[in-house]
Amino acid sequence: MFKYIPHTDADIKEMLDKIGVGSIDELFSEIPEEVKKRAEYNLEPALSELEGRKRLSCLAGMNKPLVSFCGAGAYDVYTPSVIPYLTSRQEFLTSYTPYQPEIAQGTLQYIFEFQSMICELTGMDVSNASVYDGATATVEAMLMAVSHTKRNAVLVSGAVNPRTIAALKTYASFRSVELRIIAAKDYGTDVSALKAGLTGDVAAVIVQNPNFFGYVEDYEDLAGAVKDNGSLLIMNVDPSTLSVLKTPGEIGADIACGDGQTLGIPLSFGGPYVGFIAANKALLRKMPGRICGMTTDVDGKRAFVLTLQAREQHIRREKATSNICSNQSLMALHTVIYMSIMGKAGLVEVANRAAANTHYLYEGLLKTNLFKKVTDRPFFKEFVLRVSADIGALRDYLAEKGFLFGYDLGQVGPEHENEILLCATETRTKAEIDELLAKVEEYAHVR
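Residue numbers (the numbering used here): 1 to 447.
FYI, nobody ran anything at the bench for these hints, they're computed from the structure.
Do not rely on the hints blindly, as some may be mistaken.
[As the list claims (entries may be wrong)] Below, a list of computed lysine to aspartate or glutamate pairs in the DMTMM-like style, where the Cα atoms sit at most 20 Å apart:
id	residue 1	residue 2
1	373	363
2	430	26
3	372	415
4	401	390
5	36	26
[To be verified] Now the in silico label distances, taken between C-beta atoms and shown as ranges:
id	residue 1	residue 2	range
6	42	346	31 to 41 Å
7	178	43	50 to 60 Å
8	185	346	31 to 41 Å
9	268	378	52 to 62 Å
10	415	192	50 to 60 Å
11	46	392	40 to 50 Å
12	196	393	35 to 45 Å
Beta carbons are placed, not taken as given, at the ideal position from N, Cα and C, and that holds for glycine.
Model the full structure from these sequences, guided by the hints.
Below you can see the structure in the form of C-alpha cells.
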C-alpha cells in the first residue's frame with residue numbers, strides 16, 4: 001500500500017520538525033476553520049487488502065453477463081488475447097503525444113502503420129493518427145468540409161446513427177453550421193431527397209454504410225451528384241465490413257470516417273474506442289489531430305515524425321483545424337495489432353461470419369409468430385423486425401434467460417414503435433442462436 005499512502009507518521013514528524021512546525025493543524029492554521037470543515041461521510045470502516053479483494057469479488061459476482069444480440073453502434077466483437085498483453089506493456093501504455101521523435105520511434109511507427117492500414121481499408125489517400133470515437137470523427141469530417149468549401153450547410157441522412165446526429169447538432173450549433181436532416185425512407189437514405197437538397201450553400205452530405213438500421217446502401221450515384229454540386233461526400237462506415245463491401249474510395253467519397261471499435265476493441269461500458277478519418281489528398285491540410293509521416297534523418301536512417309503540425313492547436317490555437325488535445329493512440333495500436341494478426345483473409349472471415357450469423361438469426365426469428373419483416377433491403381450484421389409482443393416484456397424475459405436482446409427502436413421515435421434492431425457479430429455461435437430462438441418460442445407460448 002506504500003504507493004497510495006506515501007507518508008508514515010515518522011515521515012510526517014520529520015518533515016514538520018525540519019520546517020519548525022508542531023503539527024499538521026498548525027501548518028494549515030492560516031486557512032479559516034469554516035473552510036477546513038469536512039462533511040461527515042457515511043463510510044464503512046477501512047478494509048485490509050485481503051478484505052478489500054473479497055469484497056470486490058463479491059460485488060463483481062453480482063454481475064450477470066448476457067449473450068449479446070444488441071448493436072446500434074457498439075458491438076460484441078472478438079479480442080484476440082495477444083492484444084491486451086501487448087498494449088499493456090509500459091512502452092505503449094501512455095497518453096503521451098510523441099512530440100519528441102528521437103525518443104518515440106516505436107509509438108510513431110505504429111501510428112504510421114495505423115494510418116496506412118486505415119487508408120488501405122477505406123481506399124482513401126490520407127488518414128490521421130485517430131480521434132476520440134466515431135461520432136466525433138464524423139463531426140470533425142463535417143468541420144473539414146465546411147472549412148474546405150467555405151459553405152455552411154450540411155445535409156445529413158436520417159439513416160445515420162441518432163447519437164452521431166446528436167453530436168453533429170451540438171457542434172454545428174456553436175460553429176454556425178446549418179444541419180439539414182433528410183428523413184430516412186424505407187429504413188434507408190432518401191437519395192432523391194438528398195439530391196434535391198443539393199443547393200449552392202451545401203458543404204457536404206453525410207451518410208452511413210451500413211446505415212443505423214443495418215442495411216447496406218449504394219451511394220455511387222449520390223457521389224456523382226454531390227461532386228457536381230461542388231460539395232463533399234462524407235461516409236461514416238463500419239471498418240469491419242470493408243473487407244467485403246465496396247470501400248468509400250471506390251464509391252467516390254471525399255472523406256471516410258467511423259469508429260474502430262469493431263476492429264477488436266471490447267465494449268468496456270462504452271469506451272475507450274477510437275475514431276478514424278481518411279480523406280483524399282486535396283483535404284490533407286484540413287485533417288484534424290496528429291499526422292505521422294516517414295522520412296530520413298541526417299544519417300540517412302528511416303525516421304517517423306509528426307508532420308504538418310502547423311494545422312494543430314499546439315502551434316496555432318485559434319486557427320487550428322481542430323482542438324483535439326489528447327490522442328487515442330493506445331486504442332489505435334489495439335486496432336493495428338488486430339488487423340496485423342487477422343490479415344486480409346482473417347478480416348474477410350470475420351465479416352462473412354458476422355453476416356452469416358445475422359442472416360441465420362433473421363430467418364429463425366421470422367419462423368416464430370412474434371416477428372415480421374419491415375423491408376427487403378439487404379443487410380449485413382444488423383436488421384429491423386416488427387414485434388407483435390411487448391418489446392420491454394420480451395427483452396426482460398430473455399434477459400432472465402441470459403440474453404441481451406436487441407435495441408428497442410421506440411427510443412428513436414414514435415414511427416419505430418414495436419420495432420427492434422438486432423445484431424449477431426462473429427462472436428455468436430449457432431448453438432447460442434438456436435438457444436435464443438428456443439427461448440423466443442418459449443415466450444410466444446407462455447405470454
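Hints versus structure:
1. 373 to 363: holds (10 Å)
2. 430 to 26: Distance of about 70 Å is beyond 20 Å: violated.
3. 372 to 415: This hinted pair holds, its Cα atoms lying about 16 Å apart.
4. 401 to 390: OK: residue 401 and residue 390 at ~17 Å, within 20 Å.
5. 36 to 26: Holds, because 13 Å separates the two Cα atoms, which is no more than 20 Å.
6. 42 to 346: 31 to 41 Å: Once the Cβ atoms are compared, 52 Å apart, the range 31 to 41 Å for residue 346 and residue 42 is violated.
7. 178 to 43: 50 to 60 Å: holds (51 Å)
8. 185 to 346: 31 to 41 Å: holds (36 Å)
9. 268 to 378: 52 to 62 Å: Violated, at about 31 Å.
10. 415 to 192: 50 to 60 Å: Given about 19 Å between the Cβ atoms, the range is violated.
11. 46 to 392: 40 to 50 Å: holds (42 Å)
12. 196 to 393: 35 to 45 Å: holds (42 Å)
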